[in-house]
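Chemist: Going down the list, the sequences are from chains D and Z.
For what it's worth, UniProt numbering labels the leading residue of the first sequence as 1, then goes sequentially.
For what it's worth, UniProt numbering labels the leading residue of the second sequence as 1, then goes sequentially.
No lab work stands behind these hints, which were simulated from the structure alone.
Cβ coordinates follow ideal geometry from the N, Cα and C atoms, glycine included.
Please note: incorrect hints may appear among the correct ones.
[Said to hold, decoys possible] Not the full set, but computed from the structure, chain Z residues with beta-carbon under 10 Å of chain D: (1) LYS5; (2) GLY7; (3) PRO11; (4) SER12; (5) LYS16; (6) TYR20; (7) PRO22; (8) GLY51; (9) CYS57; (10) ILE132; (11) TYR148; (12) GLY150; (13) GLY156.
[What the hints assert, rightly or not] DSBU-like, lysine-lysine: derived pairs with alpha carbons at most 35 Å apart: (14) Z/LYS43 with D/LYS136; (15) D/LYS6 with Z/LYS126; (16) D/LYS44 with Z/LYS126; (17) D/LYS169 with D/LYS44; (18) Z/LYS103 with Z/LYS43; (19) D/LYS43 with Z/LYS103; (20) D/LYS97 with D/LYS127; (21) D/LYS69 with D/LYS44.
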Amino acid sequence: MAQQIKVGDTLPTVSLKYCPYDPELKDACGIPQVLSTDSFKGKKVVIFGVPGAFTPTCNNNHLPEYHQKYQDLAKKGIDQVICISTADAFVMDAWGKWTNVSDKVIMAADGNGEFVKATGLVQDLTKAGMGAVRSKRFAMVVEDLKVTYIGVETQFGVSVSGAGAVLAKL
Amino acid sequence: MTQIKVGDTLPSVTLKYCPYDPSLEHACGIPQNLDISSLKGKKVVIFGVPGAFTPTCNNQHLPEFHQKYDEFVKKGVDQIICLSTTDAFVMDAWGKWTKTNDKIILAADGNGEFVNATGLVQDLSKIGFGTIRSLRFALIADDLKVTYVGVETGPGVSVSGADAVLAAL
């Protein structure tokens, strides 16, 4: 798999999937749409990756912090906040509804693990019964497709990949 | 690998699940093991879905088994297990989302061991779902021996649905 992405690298061209936010759709997602990383050209975005939707740290810490600090991030010029995992778009959509992030965080699916493999941010969690293709816990700031910050957790919990750490770098 | 058929014995695989706890509204506790071997001596229905929270699975396949639960019990079924290749946290959330977790055991085949061992696996990378997904199926196992298997070959729910399984009991 690829080397881990670092500051100065260009984001790989990958198609993710997501269910566009629609307050009318309370239950299932509609038809998942494509979200290409190319669409971040000219924008300043934060992409953070989680090993598992609905899992304790991801659900109670990592995702909510980005939702809560959305305005702070917007004030610092962030155009979009994207949450990524290797689940599919339906699971990511349900998780977004479960945690009420509405239109603030784009819940994106890297269902085939293309993004995490291309960026070297993949981990094998077979020993936890979670399969071989999972995202590491990370956050990156990308400006016009160039990585300007990257924080990858090396242990449990949220530190360098959290909203606070990213804000401090902006 | 060959698909499991009537007369075969269920493979010895360990699934994971979050035991039903009505006081836990949000996340799952710590996922527990569900050994297939623990189904020995029991009459169980196991049905597989390609994806939790996806339209057919969410709106049809899972709810039908929940609604008809009592009919299954009347026919001697001890447990109904819903399986997919996602992890226990997603399965637990899905059970809560659909309010089915009081009657159905939402089990996780997170590494795809069960679906690989039974030949009930499919590659759905072309739709961004990765290479290890369950086929849509239902089976009846009596003391670990398969007495019915219905595997869908097209979209929708027919031979893998609650009605088809009830008719086979």
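Chemist: Now tell me if each hint is right for this structure.
Modeler: Going through the hints against the structure:
Hint on Z/LYS5 is violated. Least Cβ distance to chain D is approximately 27 Å, over the 10 Å limit. Here the hint on Z/GLY7 is broken, as its CB sits about 29 Å from the closest CB of chain D, past 10 Å. Evaluation of the Z/PRO11 hint against chain D yields a violated restraint, the C-beta minimum of about 16 Å exceeding 10 Å. Because the beta carbon of Z/SER12 sits about 16 Å from the nearest beta carbon in chain D, more than 10 Å, this interface hint is broken.
Contact between Z/LYS16 and chain D, as hinted, is supported at the beta carbon level, the nearest pair being about 5 Å apart and thus within 10 Å. Because the beta carbon of Z/TYR20 sits about 16 Å from the nearest beta carbon in chain D, more than 10 Å, this interface hint is broken. Interface restraint check for Z/PRO22: the shortest CB-CB distance to chain D comes to about 17 Å, outside 10 Å, so the restraint is violated. Taking 10 Å as the C-beta cut-off, the interface hint given for Z/GLY51 holds, the closest approach to chain D being about 6 Å.
Restraint check, Z/CYS57 versus chain D: the minimum CB separation of about 9 Å is within 10 Å; hint holds. For Z/ILE132, the suggested interface contact is upheld, since its CB lies about 7 Å from the closest CB of chain D, less than 10 Å. At a threshold of 10 Å, the smallest CB-CB gap from Z/TYR148 to chain D is about 27 Å, leaving the interface hint violated. Annotation: interface hint on Z/GLY150 violated; nearest CB of chain D at approximately 24 Å, more than 10 Å.
Because the smallest distance between the Cβ of Z/GLY156 and any Cβ of chain D comes to about 16 Å, over 10 Å, the interface hint for this residue is violated. Straight-line distance between C-alpha atoms of Z/LYS43 and D/LYS136 comes to about 40 Å, which puts the hinted pair past the 35 Å bound. Restraint check for D/LYS6 and Z/LYS126: satisfied, since their Cα atoms lie roughly 29 Å apart, inside the 35 Å limit. Restraint check: the Cα-Cα separation between D/LYS44 and Z/LYS126 comes to about 30 Å, which is no more than 35 Å; the hinted pair holds.
The straight-line distance between the Cα atoms of D/LYS169 and D/LYS44 is roughly 13 Å, inside the 35 Å bound, and the hint therefore holds. The suggested pairing of Z/LYS103 with Z/LYS43 holds, with an alpha-carbon distance near 15 Å, which does not exceed 35 Å. Proximity of D/LYS43 to Z/LYS103 is assessed by CA-CA distance (about 48 Å); at most 35 Å being required, the pair is judged violated. For a cut-off of 35 Å, the pair hint linking D/LYS97 to D/LYS127 stands: about 29 Å separates their Cα positions.
For the given pair, D/LYS69 sits about 16 Å from D/LYS44 by alpha-carbon distance, which is consistent with the 35 Å threshold.
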